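Visitor: Spelled out, the chains give:
2 protein chains.
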Amino acid sequence: MAPLPHPLSALTVEESQAARDAVIAAYPGSVIYFRNIFLREAPKAEVFAFLELEHSGKLTDETPRPPRFAQVWCDVGGQEKKAEYVEAVVDLATHKITATRSHGVGQHASLSVDELREVPDACERSELFQAKLKQFELPPGFEAIVEPWPYGASDHTDDGSRVFQGLVYAVNRKDNGPDSNFYAYPIPLIPVMDARTKEIIRVVEIATGGKDDPIDKVGTRTTNKIIEHCRPAEYCPEKLPQGVRTDLKPLTVIQPEGASFTVTDGNRIDWQKWSMRVTFNPREGAVLHDIRFAGRSIVYRLSMSDMSVPYADPRNPFQRKQAFDFGDGGLGHAVNNLALGCDCLGLIKYFDGLLTEPDGTIETTQNVICLHEQDDGIGWKHTDWRTNRAVVTRRRQLVVQYIITLANYEYAFNFKFDQAGGITIETRATGIVSVVNIDPGKTAPWGNVVSPGALAQNHQHIFAARIDPAIDGMNNTVVQEESLPVPMNPKTNPYGNYYEVAQTVLKKSCGVDLAPERHRVFKVQNRDPSKRNPVSGKPVGYKLAMPATQLLLADKQSIQARRALFAQHHLWVTKYEDDELYVGGRFPMQGMDEIGGVADAVKRGDDVEDEDVVLWAVYGLTHNPRVEDWPVMPVEVLQLHLMPSDFFTQNPAIDVPSNKDLGSQSVAVRTNETNGTNGCSC
Amino acid sequence: MAPLPHPLSALTVEESQAARDAVIAAYPGSVIYFRNIFLREAPKAEVFAFLELEHSGKLTDETPRPPRFAQVWCDVGGQEKKAEYVEAVVDLATHKITATRSHGVGQHASLSVDELREVPDACERSELFQAKLKQFELPPGFEAIVEPWPYGASDHTDDGSRVFQGLVYAVNRKDNGPDSNFYAYPIPLIPVMDARTKEIIRVVEIATGGKDDPIDKVGTRTTNKIIEHCRPAEYCPEKLPQGVRTDLKPLTVIQPEGASFTVTDGNRIDWQKWSMRVTFNPREGAVLHDIRFAGRSIVYRLSMSDMSVPYADPRNPFQRKQAFDFGDGGLGHAVNNLALGCDCLGLIKYFDGLLTEPDGTIETTQNVICLHEQDDGIGWKHTDWRTNRAVVTRRRQLVVQYIITLANYEYAFNFKFDQAGGITIETRATGIVSVVNIDPGKTAPWGNVVSPGALAQNHQHIFAARIDPAIDGMNNTVVQEESLPVPMNPKTNPYGNYYEVAQTVLKKSCGVDLAPERHRVFKVQNRDPSKRNPVSGKPVGYKLAMPATQLLLADKQSIQARRALFAQHHLWVTKYEDDELYVGGRFPMQGMDEIGGVADAVKRGDDVEDEDVVLWAVYGLTHNPRVEDWPVMPVEVLQLHLMPSDFFTQNPAIDVPSNKDLGSQSVAVRTNETNGTNGCSC
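Chains as they are written, first to last, in the numbering used here: chain A, 1 to 682; chain B, 1 to 682.
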């Protein structure tokens, strides 16, 4: 019998189908509406023990492999009113369900794209919606287009039933083609659909006023020609009035000898002393496992956990514009199928993923993760000014990337590895800012007019990365380090130039904030005395350097704040628990409160000193849109850095060759061109 | 008669020689020791008027050009004790000196490399130094090597004469070659040389103890075999015990159709709607002038102004380790001659610079500035999930770079321009951390042992960029913008999701700090009502987004703090004055106080609302060395961003073509490879 797949590999098609069949068998006679089927990771203790054997070369065919489990998220009873949401764990050895769970009262299962697609159809069928729409006189050729959104938070006025909302725009597809940018023509209606009945139960008319209009009144319009003052905002190259620029010459990356990385066993990546495994799942996208350098364990699991995008327009119902782009669901189907030469350059390895259709069909989605190398400028350099000998190396990075599209917005998530032992978690926000209709000539304090008639509302993007470290072992300690001034004094600081580097061990699970004025950084260390750095005598560790970005601005009592408690600290430290993966809770969809998220995990009050700890790093953008963000915004880039801090005994990149790049050429031909290589070490 | 050179072009060799000759003629019979000769820019008012004509195409051969001036920094009287330092301004039309200035009491001219080179020779000759050195028993083959440094600050115990200090190391060149890394063998001596007599006037023995040793005592040594416990730390590839890694495959950038930029008129750069001029001078390195986009003025002048590197070891005389790497001088000779394929990839245009030898000889120094394009990942992307049409563009950058080597350290300064109208000021710190000898087995609170016997002292690098904006004209206003929470209230914030974007105009010259928890950013705006953004109705402007890095830690009363007042705020705003360029003052060398720096400029209390303003942006690294920083540290990267904020009427990069990169290939050959282009817009 063939050995089980590696414990840190995604489910195979066969395993997924077996899990599906096990659930169907467990609920005879019930229609099952399948949402997601993916790997339920085996208990960490078992897996880590297995990995230690694997990396010490002690693995044999006889070594028992950790068991394989699948999790199946589905509605038992299909689309019926009394259908029950179930998350079943299937043991893939016995094909039996070993555990089930559902969401609590007032919570909802994450959405499926299938559900979203019902909203436009429901609007099409809805007399209520059509009547509301008719009041507006659209220009010839224009028709309404409905953009489905999660409902955001319910409130006490709701009966708690599962609903979706839609943002409405207008488009002239006949004249402008199927890809015309409809966001330039916002229509002030928000239909709300009951997810079970597929009926539009309510259509909210939204205000189109500005700063001098009362926020509690809708009616400021003086005309029903609601998009008369709007203007086209095409972004597809063939639709640009000015066409595309012609003075940009090609810049091509070639790797004549191939890539420096290898991918083996389906998902194991080896590159420049790094090794790791990558899997794809529909809730988190790309997940990295068992990240090691020269065989030494650094991170057990690295992923994006969730994010929240609250909007700041105070007018009802915009408090409901608050997407949890991972936790609301649909991320799996939102992941882009990446394209050669577009999303990255050079030699690219693509990874596919598995998605589940409502009927349980397992589908392969291609190119959802890409892997490539890139040059990131000078890596290190020194010139001895006496001899003029310069040694300079380039900084090569390995990039694992996935990109998601959620309605108007795009996010690119990159995990970057460098030769100096550093890991960069990079997030790029792009896409189209969310706009609503505004009357001609008006401005508003809660947004910026980025195109005539189109008000881009102020909002925040708060991201959370989950870092499950394993610095030379599972038991680690998080230390807060600050550099602090010391008053001049004869005993310790006679000349006033001394400053103190102060360390505080985080002993209990907690949420802490950055303090750049104190140069506060967090180190994850292995404090086992037998594992100290032989050179410095200090504990081996990694430093987490984060940007001190603004946290959630919404009032603490607001529903927006209550359902995103994770967005109220920069770093959370908890004690590891199996399957505790989602910073905002397992069921943020339509919930009024964060339940079972990182704040609840901290409430356990676990000891986290010399324990199996997890770090939840929170960062974000306060995005008050610029006109330059329209029609598609230039990327906004955020980076977190995990860097070795006395983990190694020297710069791990010291042996990077300093060969010059032979493709490089000098632009101007000069007689002394040979001087072009002055000071080059090669 | 040929027209004068462009007012924003560096001096020609002929102009430099003419300036030198004018000074020689002005001081008949005096020996002149030349330090620097370079452009003294014509008054801004004249130049800006000229530029407006130039960019509106109204320039003719008859248009009067702004006058050309040179500044000559020299010692009249050569090396004599009573020589006088003079900075003369020479009118290149009349060849007459129109103004002179010197430094104040207790101040000193910036150093020349020539002076530095005297220190090792003086030690060689010094019986005092040789006697001190002899007490140490060096291993066979090792000899002392003296690394000259500026003295840092004098103090009341000095007589104020011009002095230099040296750090002392040992090296075995015979066995290990001329490029052996001597920093691994620190010798605890600091010789001090009188710059006039070229004599070692004192040799300080420095402590080698650790945390349990009194900081006011030197003697903790139990042996004179002072480097017995040190270990080699070679970084040159041929010297690495393990050799260089062999598994890194080439990654080459090719631009088959050439570069997208043009360089005309010697120093004018045009690229992707940007235009600017670049000059080189020995005090600031690369300076960018007249930065425009599509002809609209954005920045009049952009440069690195100065930096300070204070060390935090409290033991005498380490309070004197505080380099001002620009203001102390010698930057001109410290600038690297850049190498093809090493310092950047692809098609590179190099610019040379002019330096002055002590005897007045004008020398060309090659490749001191490089210009190239690079790919910076995805620029913007949007996918319409209904049609699956993806449009994705790459983000191309134009990079102007120079790199300086100051003894052990390297800094790469990059000015990066992107197609979305953004300017990034990037600083990369690399090179070798400064180490001192420490007894075997000891550690210290003011540093980290990065190699046996080598203690890397904690220190800061505080940089200041000078931004002289001209947003659609010379008169601009700096606005502080914050995003602030608003308590839930029925009138303006009924659901608690609203936050306020508050703006404060900076009306008087000032120093202000960042506050990331308030998302504090600074906007430079042109508030002329006739120049408002036609879409948003807001003033046109640029936003300065800076990292809130830690400011100077030294006690405010310390000499380190007094001489670097600029390092005590993140942003200074002053009213423009001709030739006011140096944030730390014109003569920081050996000074006890910052004189004539930005703090003094602010003291004028000028109005800065709707005036010709200058921004001084301060940022830095608190560098508590890691073992991984040894022997050459991986780059630490810092970035400031200047981005348009309602300056344009849409994303200026919207017309960037979304062609796929034809050099890109998929790593694994797969039967469904054609899917590799799914969703690609080309």
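It is worth saying that the hints were derived from the structure and are not from the lab.
For clarity, every value in this text was computed on a predicted model and none was experimentally measured.
Misleading hints may appear alongside valid ones.
Pairs involving identical chains hold if they fit within one copy or between any two copies, as the list cannot separate such chains.
[Unchecked claim] Capping the alpha-carbon separation at 25 angstroms, the derived lysine-lysine pairs in DSS-like fashion look like this:
1. K660 x K416
2. K273 x K507
3. K442 x K273
4. K174 x K239
5. K507 x K575
6. K508 x K349
7. K134 x K575
8. K538 x K198
9. K249 x K660
Visitor: Give the relationship of K442 and K273 under a CA distance limit of 25 angstroms: within one copy only, between copies only, both, or neither.
Guide: Neither: 58 angstroms inside a chain and 32 angstroms across chains, both beyond 25 angstroms.
Visitor: Using 25 angstroms as the alpha-carbon threshold, which applies to K174 and K239: within, between, both, or neither?
Guide: within (14 angstroms within a copy, 70 angstroms between copies)
Visitor: Between the shortest in-copy and the shortest cross-copy C-alpha distance, which are at most 25 angstroms for K249 and K660: within, between, both, or neither?
Guide: both (23 angstroms within a copy, 12 angstroms between copies)
Visitor: Have a look at K538 and K198 and pick one of within, between, both or neither, based on CA distance no larger than 25 angstroms.
Guide: neither (62 angstroms within a copy, 43 angstroms between copies)
Visitor: From the Cα coordinates, with 25 angstroms as the cut-off, is the pair K273 and K507 best called within, between, both, or neither?
Guide: Answer is neither: 33 angstroms inside a copy and 55 angstroms across each miss the 25 angstroms cutoff.
Visitor: Which holds for K508 with K349 at a C-alpha limit of 25 angstroms: within a copy, between copies, both or neither?
Guide: neither (42 angstroms within a copy, 56 angstroms between copies)
Visitor: Is it within, between, both or neither when you check K507 against K575 at 25 angstroms Cα-Cα?
Guide: Within one copy only: 11 angstroms inside a chain, 51 angstroms across chains, cut-off 25 angstroms.
Visitor: Is the C-alpha distance from K660 to K416 at most 25 angstroms within one copy, between copies, in both cases, or in neither?
Guide: Both. Shortest intra-copy (23 angstroms) and inter-copy (22 angstroms) distances satisfy the 25 angstroms Cα cut-off.
Visitor: Between copies, within a copy, both or neither: which fits K134 and K575 at Cα up to 25 angstroms?
Guide: Classified as neither; 56 angstroms inside a copy, 58 angstroms across copies.
Hint compliance for this structure: hints 2, 3, 6, 7 and 8 are not met, and every other hint is.
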